[in-house]
Amino acid sequence: MTPGGWIIMIFSVGSTTWLFVWAFWKIFTIPGETEKVHGFEFEPDKPERDE
Amino acid sequence: MARERWNSQFGVVLAVAGSAVGLGNFLRFPGNAAQYGGGAFMLAYFISLLILGLPMCWAEWTMGRHGGAKGFSSSPGILGCILRHKAGAYVGVLGVIIPVVIYMYYVYIEAWCLGYAVNFALGNMHFSDAAASGAFWSEFIGEKENGTALGVSLKEVGGFLIFVFILNFILIYRGISKGIEWFCTLAMPTLLVLALIVLVRVLTLGTPDPAKPDANVANGLGFMWNPTKVLMESKAPDGTWQKDRELVGDAMIAAGHTEAAAASGTLRIREVGIIEQLQRPQLWLAAVGQIFFSLSVGFGVIITYSSYLTKKDDVVLSGLAATSANEFCEVTLGGLITLPASVAFLGVSGIVSLSTFGLGFHVLPCVFNYMPGGQWFGAAFFFLLFLAAVTSSLSMLQPGIAFLEESMGIKRRASVAILGVITALGCWFVVYFSADVKALDTLDFWVGTFLIYILATIQIIAFGWKFGVDRGFREAHEGAAIRIPAWFKPVFKFVCPIFLITIFVVWMTQEVLGLGGGKPSSYILDLFGPEKNKTAILSIGLVLLVGSFFALLVARSPTYKNFPEDVET
Chain L
1 MTPGGWIIMI FSVGSTTWLF VWAFWKIFTI PGETEKVHGF EFEPDKPERD E
Chain U
52 MARERWNSQF GVVLAVAGSA VGLGNFLRFP GNAAQYGGGA FMLAYFISLL ILGLPMCWAE
112 WTMGRHGGAK GFSSSPGILG CILRHKAGAY VGVLGVIIPV VIYMYYVYIE AWCLGYAVNF
172 ALGNMHFSDA AASGAFWSEF IGEKENGTAL GVSLKEVGGF LIFVFILNFI LIYRGISKGI
232 EWFCTLAMPT LLVLALIVLV RVLTLGTPDP AKPDANVANG LGFMWNPTKV LMESKAPDGT
292 WQKDRELVGD AMIAAGHTEA AAASGTLRIR EVGIIEQLQR PQLWLAAVGQ IFFSLSVGFG
352 VIITYSSYLT KKDDVVLSGL AATSANEFCE VTLGGLITLP ASVAFLGVSG IVSLSTFGLG
412 FHVLPCVFNY MPGGQWFGAA FFFLLFLAAV TSSLSMLQPG IAFLEESMGI KRRASVAILG
472 VITALGCWFV VYFSADVKAL DTLDFWVGTF LIYILATIQI IAFGWKFGVD RGFREAHEGA
532 AIRIPAWFKP VFKFVCPIFL ITIFVVWMTQ EVLGLGGGKP SSYILDLFGP EKNKTAILSI
592 GLVLLVGSFF ALLVARSPTY KNFPEDVET
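Protein chains in written order, with the numbering used here: chain L, 1 to 51; chain U, 52 to 620.
It cannot be assumed that every hint is accurate.
[As the list claims (entries may be wrong)] Stretch by stretch, here's where chain U covers chain L in the computed footprint (C-beta under 8 Å, at least three residues):
| no. | stretch |
| --- | --- |
| 1 | 1-10 |
| 2 | 16-25 |
[Unchecked claim] Restraint-style ranges between C-beta atoms, simulated for each label pair:
| no. | chain 1 | residue 1 | chain 2 | residue 2 | range |
| --- | --- | --- | --- | --- | --- |
| 3 | L | Ser15 | U | Ile591 | 36 to 46 Å |
| 4 | U | Ser285 | L | Ile30 | 51 to 61 Å |
| 5 | U | Leu595 | L | Gly14 | 12 to 22 Å |
| 6 | L | Ile7 | U | Pro261 | 38 to 48 Å |
| 7 | L | Trp18 | U | Leu576 | 15 to 25 Å |
| 8 | U | Gly592 | L | Gly14 | 46 to 56 Å |
Simulated from the structure, these hints should not be mistaken for laboratory data.
Everything numeric in this text was worked out from a predicted model, so none of it was measured.
Even glycine gets a Cβ: it sits at the ideal position worked out from N, Cα and C.
For reference, chain L alone in the conformation it holds in the complex (with noise of 0.2 Å):
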């Protein structure tokens, strides 16, 4: 491997590591993210069909 190959991997793996990292802490820390109990939730004010 040439130092340009280990250059190229080490931007290319630390830069979507660190994406990934840094999104989904963003996510977990994003107040009120918790899981609801239940799985279909219905929201009244929004359109809906009728079946």
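Please arrange chain U on chain L, whose structure you already have, making use of the hints.
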């Protein structure tokens, strides 16, 4: 009836990431990067991610949530809403055809992965070389003759196919949060853990066979990431120089120089630098294609998934997070596992193919056969591919389910049953016409490549020009945890469509139609050449049949007669 919703933002991000992460991350990406030179390819790859991948993702997330707020979850409904015309619904049919048809063959590949994982775990995989593992694959999937892929023994794909088909439909029947989200929140972390275990094993391999000092992990990494390619070229009878093989590592290059010096002018060593590689249109096509197909944009999936979000849910950070998860799996895991492991055991010359199937089902099974503990690492690797495939195939079913519910006014049970029949028939077609994987290959080209380009182009133009970039930004930022930088506005409106259309035109003229000195691709010749291929023609017939059925539903459904007035809320 209550609209289905995601259970959490983390869940929807994992579901979208699961949709994107698939075989392409672990097999197609390393093959592309190695073929086109790590440094040059990665430069084109990151540029494509920035000006095509990310904007397309954000556009789809935003349009999907907008359509969902109007009561639509299918691509016809959402595009009809955006374009405010029934023609939008007809165009949106592409967003149903694509995932449904891709599911028909993707589930077949998914069954291969499960079959390989089970056979590795049971100790049934012993191959002396890549040719032997290729022969096993050929028998396993029935490549030699039509109708031979339906056996149900451990060494035939039929039983695994039935299992994964049923598994997909059980999960999809359970719904958005209890099926797709539940499975993805289990499968994606499991996939990551398995990949990290295999990664640690691969990076600690060193030089497995001291008798072959060139076959080592460092050379495997160099094969993929070195920006300058060192090629041994031989002189053809017409005087031109042609690539003979690639040289990686000091010892191999020194030996190559000695060989070239002794060949009295018929061999030479040539270094291909990053600038020369970037001048090749094929490299850009490969980089754009990798970003494009890897992120599941233009697929009809993200737009449907995001329709189940509420106005207060973030789409900007979610889109970025799902993209980043896909990139992590692709660059970090895929980029460090597949080729280093292959080179460590087989050497550069032993990698007989850099194609997705070649690497995955010819080269890697052989590699795990040589690896200490390879039975379990092989099982882990193919099981992680299987998990990645299931999270993707689930995402291919939801657009069809949403469309059938919407257009026919039926409930989930009925829509699952109808889609089950359609996809089962299509899947049977693909599996029956297994000779040379012709049906799969044809559908993958015309639907999994060609139609995706078309739909993606329509979607980004609809977002940038009909919906409007300013409005799109306002909509995207509702409930957003982060902001899209303002310089993305011209990217959405101009750069992205122009880049996409340019790449599409270059790809069509050079690679498909073979204009400018080349010859038409086999996909064109199969349909229009002197020796037409029956399976290819039938495959196109299948796509037209499915498309006609969906278009008929749009034509007859009152749901798509009038779209709600498009008032910004």
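Next item on the list: Please write out, lowest number first, the hints stated earlier that are contradicted by the structure.
Entry: Result: hints 5, 6 and 7 break, sorted rising.
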